[in-house]
Amino acid sequence: MNPIFSTGPSLLNRLALGLILSVSLIIFDHKFNGFGTTRVYLNSLVSPLQYLANLPGELINASLTRLSSHEQLLDENAQLTLQATLMSQELQRMAFLKEENIRLRRLLNSPSKQNTRKEVAELMAVDNNPYSHQIVINKGALNGVYEGQAVLDEKGVVGQIMQVSSTNSRVLLIADITHAIPVRVARNNLRLVVSGSGSLDELHIQHVSHSADLQVGDLLLSSGLGRVFPEGYPVAEITSIVRDETRPFAIVRAKPVAQLDRLKYLLLLWPEEPNSNAQPSSEEDQP
Amino acid sequence: MQFRAYLITFSLICALVLQIMPMPASVDLYRPEWVLLVLSYWTLALPHRVNIGVAFINGLVLDILLGSSLGVHSFAMCVSIYVLAANYQRLRNYSVWQQAIVIGVTSAFYNLIVFWLQHLLTDVYFLFTYMWPVVSSMVIWPWLFWLLRKLRRQMRLS
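Residue numbers (numbering that gives the first Met the number 0), protein chains in the order written: chain A, 0 to 286; chain B, 0 to 157.
Honestly, the hints are just simulated from the structure, not real lab data. Among the clues, some could well be false.
Claimed, not checked - Some but not every residue of chain A turned toward chain B, in silico, with C-beta under 8 Å:
1) L14
2) G17
3) L20
4) S21
5) V22
6) Q49
7) A52
8) G56
9) N128
10) E153
11) R169
12) I176
13) H178
14) V256
15) D260
Ideal Cβ placement from N, Cα and C applies to all residues, glycine included.
All chains, full assembly: derive it from the sequences and hints.
What follows is the structure, given as structure tokens:
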């Protein structure tokens, strides 16, 4: 029963309606950021699709763990034991250094740093959208995740939370072209801004004067100035510096410390409230 | 049979899942535009049931799934499906290989619109690797066409 005469509005009218709706959505969403809370619901609405898309990968992983050989497991166990021993030794030093740091900070009358709340999240999906670098993790608003939260992995800074839905959330990676993070050079505390390049293994550092004291191999730590990322976590390592005097600024490239293409477990940080750690140490505390 | 009524919806959901399924980065570059392909098939086969409205909704779901600004993919999807829906009588008479070329051009058009819109909103650069899905879509079209036509005929969908 193929109708010869089509019913309803003509094709051109439908196209016009679709395009007008799309353009108004783009303007409303991008320019006015009008879907702040609606997006949470929209994301929750489509999350079954994401779980469905993730299923084959999960199944393969599950069968791989079942099939992994005894020898392999023993190897891994030995490696992890070694790592745990080394870590616990570091941890012993850490406790001592922390105490010392607090004492020194008191001497300087500066606020001491509290422990931050951390939680481990797992990677759920990687977006295949070539124009932006985002990933989806399996913690959401129900776990207390909020927009703009810092996300790390075991090596360094990964990105920040961009959209939250009830059980999962979307992370914008530091390599995304719209992302920038304030850093300082570990060697000499020079302040810089590292922005994403759109490719996963390269970051750009903009507006660096030719005379800036930078070297290839310098480690860049987050400076905590943007109030998004906590201070002192490794972000990137400088890979190339081109000091072409005909250009206004030097061209500096860096490589992210975190392996952005091999993420599996991620760390979410809840920074302490700004007023809770801002208590200046009292007089009687000082030795 | 109940399944008959949901064949189109089911195939579109499959396409959406395939579109966002996590893949190794090396394969990811060549991922065909599944949603566009399945929508194209239904537009050519049953233009009175699937056309711009369905394309708009799918584009919007894709926007939410991919985290782009709402409206980017729906815009591109509307335009590309319009081209196919306006010419479906001619395209139906082409051989599958000629159709594959037309689908390739449409998918290139779709990719370019998405890129232009993204470029307007954020300053993305164009890399040639963004165009690999065009080639893979062309390669996958004959097989998808064959599969969906078989399904449609078995279910006697019209």
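How the hints compare with the structure:
{"no.": "1", "hint": "L14", "in the structure": "holds, 5 Å"}
{"no.": "2", "hint": "G17", "in the structure": "holds, 4 Å"}
{"no.": "3", "hint": "L20", "in the structure": "holds, 7 Å"}
{"no.": "4", "hint": "S21", "in the structure": "holds, 4 Å"}
{"no.": "5", "hint": "V22", "in the structure": "holds, 7 Å"}
{"no.": "6", "hint": "Q49", "in the structure": "holds, 7 Å"}
{"no.": "7", "hint": "A52", "in the structure": "holds, 4 Å"}
{"no.": "8", "hint": "G56", "in the structure": "holds, 5 Å"}
{"no.": "9", "hint": "N128", "in the structure": "holds, 4 Å"}
{"no.": "10", "hint": "E153", "in the structure": "violated, 20 Å"}
{"no.": "11", "hint": "R169", "in the structure": "holds, 5 Å"}
{"no.": "12", "hint": "I176", "in the structure": "holds, 6 Å"}
{"no.": "13", "hint": "H178", "in the structure": "violated, 10 Å"}
{"no.": "14", "hint": "V256", "in the structure": "violated, 19 Å"}
{"no.": "15", "hint": "D260", "in the structure": "holds, 6 Å"}
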